[in-house]
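Peer 1: Residue numbers (our numbering), protein chains in the order written: chain A, 1 to 256; chain B, 1 to 301.
Simulated from the structure, these hints should not be mistaken for lab results.
There's no promise every hint is true.
[As the list claims (entries may be wrong)] Between beta-carbon pairs, the in silico distance windows are: (1) B:Glu214 to A:Leu144: 48 to 54 angstroms; (2) B:Ser175 to A:Gly222: 25 to 31 angstroms; (3) B:Asp98 to A:Leu52: 33 to 39 angstroms; (4) B:Lys282 to A:Arg223: 45 to 51 angstroms; (5) B:Glu149 to A:Leu32: 20 to 26 angstroms; (6) B:Phe48 to A:Phe22: 57 to 63 angstroms; (7) A:Phe22 to B:Gln94: 54 to 60 angstroms; (8) A:Leu144 to B:Gln159: 20 to 26 angstroms.
[Stated by the list, open to error] With a Cα cut of at most 30 angstroms, we get these calculated DSS-like pairs of lysine-lysine: (9) B:Lys89 to A:Lys28; (10) B:Lys115 to B:Lys169; (11) B:Lys115 to A:Lys28; (12) B:Lys152 to A:Lys27; (13) B:Lys52 to A:Lys6; (14) B:Lys51 to A:Lys133; (15) B:Lys115 to A:Lys133; (16) B:Lys51 to A:Lys6; (17) A:Lys27 to A:Lys37; (18) A:Lys133 to B:Lys169; (19) B:Lys52 to A:Lys28; (20) B:Lys115 to A:Lys37; (21) B:Lys273 to A:Lys28; (22) B:Lys115 to B:Lys152.
Think of the CB as a built atom: it goes at the ideal place given N, C-alpha and C, for glycine as much as any other residue.
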Amino acid sequence: MNLLKKFLFELQEITNLIIFSFIGAFKKPYYLADLVKQMDLIGVGSLPIVLLTGLFTGGVIILQTFPTFQYYSIQDQVGKSVATSLMRELGPVLTALMVSGRIGSAISAELGSMVVSQQIDAMRALGTDPYRKLVAPRIFALILMLPFLTVAADVFGIFGGGLVASGIFNQDSSVFVASVRNGISVEDILGGIIKPIVFGLIIGSISCYKGLTTTDGTVGVGRSTTNAVVLSSIVVIIFDFFLSRGINSILGIKYI
Amino acid sequence: MSLAEAIENAETGENTEEILEPTDLEVAVDEPERVVPAIEFRDVHLSFDDKKILNGLSFIVRRGETKIVLGRSGGGKSTIIRLILGLLKPDSGQIFIDGEEISDYSEVKMMDVRKKIGMVFQEGALFDSLSVYDNVAYRLHEQRVDEIEVEKEVRRMLQFVQLEDAIDKMPAELSGGMRRRVGVARALIGDPQIVLFDEPTAGLDPPTARTICELAIKLRDLEDVSSIFVTHEMNNLEILASEYATVNEDGEIVFEVEGEKICLINTEIIMLKQGQIVFSGKDEELTASKDEYIQKFIHGK
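Isolated chain A, as found in the complex:
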């Protein structure tokens, strides 16, 4: 019972945090400079790891599936498999997981240390609402940048797949490109952009919440950082299933 109570309480608090920061973000004074700074940190800063993740994931998909496709003599369709799996699932999910590891931990550690060293109290004492100054720019930066990062990971993944197909399995690159173009639909692209928007909200709100509710000094900072990454990763994966189901039925994407 206590566990259920705790879960409901946290859910309520995170919902409040999202509502307060959304309302606060559209009131004066605006913290545009903070938003741009966070977008730079989150977007540009995460680009290298996200591109590498995409590149090698695309490569390994081809590496593992090409022999099977070859067995059924449908190896000219292999580009389609890498494109759909990356755009529908692996691109958004892996990007979100990488970003939650890199940015979620940074957010909750930074906010947690600010709580512990009374900087949040100082900020409130000086007349600033931390939800508007700290939480809103981070959540919005994640919501805005995660779709871009996901698209970048998708592109590099397909590129990585192409490299492996032509480099290791000697497939003609025009065959691969044709298969990719044939495989991607507008619905895939749309679905692949809706998901990271939701994931950005999840990572941002959970990390900020965990950071702001840090207690017990520096030990607490470590604990809330771990909790932020673990919780946001799990919630991303759970939401991914339901989002996929929803997007597929709304956009009419067929499973085959």
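Given the coordinates of chain A, work out where chain B should sit on it, guided by the hints.
Peer 2: Positioned in the frame of chain A, the structure of chain B alone reads:
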């Protein structure tokens, strides 16, 4: 009947007691509580889970007065300050700032009240990511004040705490005492009429601790600021309660010790024990107290 007539009557031996009506000013002098106090607590209760932190706390901080709050660690001293800033809400009772009841104010309404209050935190609580200049200027930047005006004010404040040279440094480059002084400068920008000190000298060497106390004295005697000074160090109390700041003939600020017979210093002490006031009065009364708890606190045994 006017005062002059009353004096004349008194000289002629007539009884004036019944007909002499005091003026408002005289009432105010005799009954200071009728002047709106800067801060007032009325029967404030607060508990965390099952632990009672404040148990029916009532006190007044008059305008221009420094109230020293003594007590052991965990006795609810810092809680008082958090309540005044609205960072915590009391379970019951009322808190007034400048006669305005703030106990049930929302966060948005509290923002306006906080503009009147400066706060010096235990460890300074400077923003690590901002330079000394930006830290001190924070409140003015938030209010979107013109940058030329901001710079003038920041320099004035850093001069007040004698840290003008550190203007471009980052908090990590400062010593503990310097961080605390920057914290004072940040709290004082915008000239708040109420300043709260939360153990500002904890962990500092005696000369630096003295500098912080002198800043508080300057605020009290030269700027007419009301303040609460939370501490558990007796030498802070000695400095605050026995010295006063004045400007000498050369226009320099000097600190002088009060005479033995005359006590003009606008400083009172309250001592907390388990969320209740066990002592309230002047420093002389505190040292003269026979109470065992107070004696143990003063002498450490």
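Peer 1: Are the hints correct? Go through all of them and say.
Peer 2: To see whether the hints hold, each was checked on the structure:
As the Cβ distance of glutamate 214 of chain B to leucine 144 of chain A is approximately 50 angstroms, the hint placing it in 48 to 54 angstroms holds. Distance hint check for serine 175 of chain B and glycine 222 of chain A: the Cβ-Cβ separation is about 27 angstroms, which falls inside the suggested range of 25 to 31 angstroms. Look at aspartate 98 of chain B against leucine 52 of chain A: about 59 angstroms separates their beta carbons, and that is not inside 33 to 39 angstroms. In this structure, lysine 282 of chain B and arginine 223 of chain A meet the distance hint of 45 to 51 angstroms, their C-beta atoms being roughly 47 angstroms apart.
The hinted window of 20 to 26 angstroms between glutamate 149 of chain B and leucine 32 of chain A holds, with their beta carbons roughly 22 angstroms apart. Range check, phenylalanine 48 of chain B to phenylalanine 22 of chain A: about 31 angstroms between beta-carbon atoms, so the 57 to 63 angstroms window is missed. Take phenylalanine 22 of chain A and glutamine 94 of chain B: their Cβ atoms lie about 34 angstroms apart, and the range 54 to 60 angstroms is violated. A beta carbon spacing of about 43 angstroms between leucine 144 of chain A and glutamine 159 of chain B contradicts the range 20 to 26 angstroms that was offered as a hint.
As the CA atoms of lysine 89 of chain B and lysine 28 of chain A are separated by approximately 26 angstroms, the hinted pair is consistent with the 30 angstroms bound. At most 30 angstroms may separate the alpha-carbon atoms for a hinted pair to count; lysine 115 of chain B and lysine 169 of chain B meet this at roughly 26 angstroms. Our distance criterion of 30 angstroms between C-alpha atoms is met by lysine 115 of chain B and lysine 28 of chain A, whose separation comes to about 17 angstroms. Under the criterion of a C-alpha separation no larger than 30 angstroms, the hint pairing lysine 152 of chain B with lysine 27 of chain A is consistent with the structure, at around 29 angstroms.
Only pairs whose Cα atoms come within 30 angstroms are accepted, and lysine 52 of chain B paired with lysine 6 of chain A is accepted, the gap being roughly 24 angstroms. A distance of roughly 33 angstroms separates the Cα atoms of lysine 51 of chain B and lysine 133 of chain A; the hinted pair therefore is violated under the 30 angstroms criterion. For a cut-off of 30 angstroms, the pair hint linking lysine 115 of chain B to lysine 133 of chain A stands: about 17 angstroms separates their Cα positions. Using a Cα cut-off of 30 angstroms, the hinted pair lysine 51 of chain B and lysine 6 of chain A holds, with the two alpha carbons roughly 21 angstroms apart.
Distance hint between lysine 27 of chain A and lysine 37 of chain A is fulfilled; the C-alpha atoms sit about 19 angstroms from each other, no more than 30 angstroms. Straight-line distance between C-alpha atoms of lysine 133 of chain A and lysine 169 of chain B comes to about 23 angstroms, which keeps the hinted pair within the 30 angstroms bound. Taken as a hint, the lysine 52 of chain B and lysine 28 of chain A pair is broken in the structure, with Cα atoms around 39 angstroms apart against an allowance of 30 angstroms. Taking the CA atoms of lysine 115 of chain B and lysine 37 of chain A, the gap is about 27 angstroms. The hint holds against a cut of 30 angstroms.
Distance hint between lysine 273 of chain B and lysine 28 of chain A is unfulfilled; the C-alpha atoms sit about 44 angstroms from each other, more than 30 angstroms. At roughly 19 angstroms between alpha-carbon atoms, lysine 115 of chain B and lysine 152 of chain B fall within 30 angstroms of each other, so this suggested pair holds.
The structure does not agree with the numbered hints 3, 6, 7, 8, 14, 19 and 21 stated previously, though it agrees with the rest.
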